[in-house]
Amino acid sequence: DAEITQSPRHKITETGRQVTLACHQTWNHNNMFWYRQDLGHGLRLIHYSYGVQDTNKGEVSDGYSVSRSNTEDLPLTLESAASSQTSVYFCASSGTSGSSNEQFFGPGTRLTVL
Amino acid sequence: GENVEQHPSTLSVQEGDSAVIKCTYSDSASNYFPWYKQELGKGPQLIIDIRSNVGEKKDQRIAVTLNKTAKHFSLHITETQPEDSAVYFCAASIEWAGNMLTFGGGTRLMVKP
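Residue numbers (this note's numbering), protein chains in the order written: chain A, 2 to 115; chain B, 66 to 178.
Heads up, some of the hints might be wrong.
In silico DSSO-like links for lysine-lysine, alpha-carbon gap of 30 Å or less [stated by the list, open to error]:
1. K102/B to K12/A
2. K58/A to K133/B
3. K122/B to K58/A
4. K12/A to K58/A
5. K177/B to K58/A
6. K107/B to K122/B
7. K177/B to K102/B
8. K102/B to K136/B
9. K12/A to K107/B
10. K107/B to K58/A
11. K87/B to K58/A
12. K177/B to K87/B
Keep in mind that the hints were calculated from the coordinates and are not lab data.
This is chain B alone, in the form it adopts within the complex (with noise of 0.2 Å):
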């Protein structure tokens, strides 16, 4: 089955700096990638996500890249702020075939005013 591997597990930065959280995927087949962003005592929710037809996607601040030959994938945080601090996790799935869900282990990100 899928594996997914998200580094790192804690990520501190100073508001205003840019934040990276990398993951890799083992199955080759996979072809959806949704971020998703949980904070304290609530669910998990999508923020953005990336199909492998496309290489790079963009939605204000933050941004996914997609390596399929190397199967890793990345959100980038510019301008980070305080109310980005959260937990977040990358996934794997593939589409059309279930969409199960096999996710990272999440990496907690705190943002420092």
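Just chain A, same shape as in the assembly (with noise of 0.2 Å):
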């Protein structure tokens, strides 16, 4: 069965340090997402990729950045992790418009940085 995947599921760093959080869909979807959920605020888009060499910014994307070279893949990576982001992260997936527009979660990524 399709699926997606996020690792680590548990992640605990310290300020400063380099963070990559891994998504790896076997959907064949185009469109990935990338998510922060905190108390009181939901979930909020951080990166967004509707295929192969394109990414975009969504809300909260300062301190964050995403590559995507393949279809299956969009890793997160946190250049210098600030206490500030320690959350919950998730990722999505959806096919492209003319289809389903439900997006796909990943089980999630607890990551807290010290």
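Now that you have both chains on their own, put them together as the hints suggest.
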């Protein structure tokens, strides 16, 4: 069955370190998204991609970057981790326009920055 | 940009009662409104959605209503069961324009047996 996976599921790091969160989907979806989830804020969009070599900034992109070298993967990098980036991160994917707009979410990565 | 407000933030009901969660949106161009359910330790999962050409949609015990004029939409769960306990998110987007969802803040629903 097609799925979307994230790794690691839990990560503890120190302020100033570079961290990369992995997202892999086997749906063959063109659209991929990264969100962060914080209490009281719901899910906020960090970055998104509509296809290989395409990346776009979302609502809360400062301090984050993504790259899309293939259809299946959209890794999220925190260049210099800050305590304000302690959060739960979700990756999602969806098909292109003309098909279902449902976004399929991964299980999440809980990141703690000390 | 779009702004989605969701109320209440927590909701406690007795098993068998109905639950209603309400959302308002700001961008009149939004035309796609999904609802997601998030169980503990998992990612959100789509449970129902509605498009702006429809006023109401039902799927067994859940229904969603949309009032485009007032820019608000609601989720109705009837005959609640303990397994309905979860966090529910509403969202809004402009379909065919990239499918970027703007989420509400979430509602924690607790169904007491």
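- Message: Need the list of violated hint numbers for this structure, in ascending order.
- Response: Hints 3, 5 not satisfied by this model.
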